[in-house]
Amino acid sequence: MSELPAHRAGNARIKVKVFAVILDETRTSHLVWRGHDEGRPFHRLLGGHLEFEEASVDCAVREIGEELGARLLEPRLMGVLENVFVHEGEPGHEVIFVYAGDLDDPGNVPPEGRWFLDNEERYRVEWRPVDVAPDHPHAAWPLYPTGLQEMLPSAAILEP
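When the letters of the sequence shown are read in order and numbered with my numbering, they come out as residues 284 to 443.
Hints in this document: simulated from the structure, not taken from any laboratory. For every residue, glycine included, the Cβ atom is placed at its ideal position computed from N, Cα and C. Don't take every hint at face value.
To be verified - Ranges between beta-carbon positions, derived for each pair:
#1 LEU356 / GLU336: 21 to 31 Å
#2 THR309 / PHE335: 33 to 43 Å
#3 PRO389 / PRO436: 25 to 35 Å
Could you put together the complete structure from these sequences and hints?
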């Protein structure tokens with residue numbers, strides 16, 4: 284995701300999103316989906332848009348249910364991030380509630396990852412190490428939004 288250009292979108296709106304940090308059973312990797320911006324790969328947490336009159340914690344549970352067909356257990360608020368970015372040439376601005384939680388069925392996403400459908404689009408979900416070593420294949424894939432990587436170590440020590 285590129286730097287924000289000097290111009291601003293006249294009728295763009297701030298979006299409120301909710302993402303979930305879902306750790307594997309060893310608490311050393313977390314779930315991400317693969318995205319691309321103008322051909323460049325990136326990772327992002329699972330989650331989505333907060334609906335009107337919906338509590339953010341309920342949104343986290345709903346989104347994981349929709350995306351993985353699984354239940355997010357005991358979601359715990361880790362923090363809130365603000366993300367100002369450009370994606371596919373369009374400016375964006377998001378406020379993101381970040382929750383940590385566990386899946387009701389850890390086998391829902393095997394170690395090699397899997398595909399899922401969201402709004403009739405296919406996405407690849409995979410496990411990414413909490414601490415990505417520079418020589419790891421995922422090191423070339425930035426994790427968005429900015430600031431999220433710094434939150435991950437605290438998720439790894441949260442008890443389910």
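Okay, the hints, checked on the actual structure:
Restraint check, LEU356 to GLU336: a C-beta distance of roughly 24 Å satisfies the suggested window 21 to 31 Å. The beta-carbon spacing between THR309 and PHE335, approximately 38 Å, falls within the hinted interval of 33 to 43 Å. Distance hint for PRO389 and PRO436: a CB-CB separation of about 21 Å, inconsistent with the stated range 25 to 35 Å.
Of the numbered hints given earlier, the model fails hint 3 alone.
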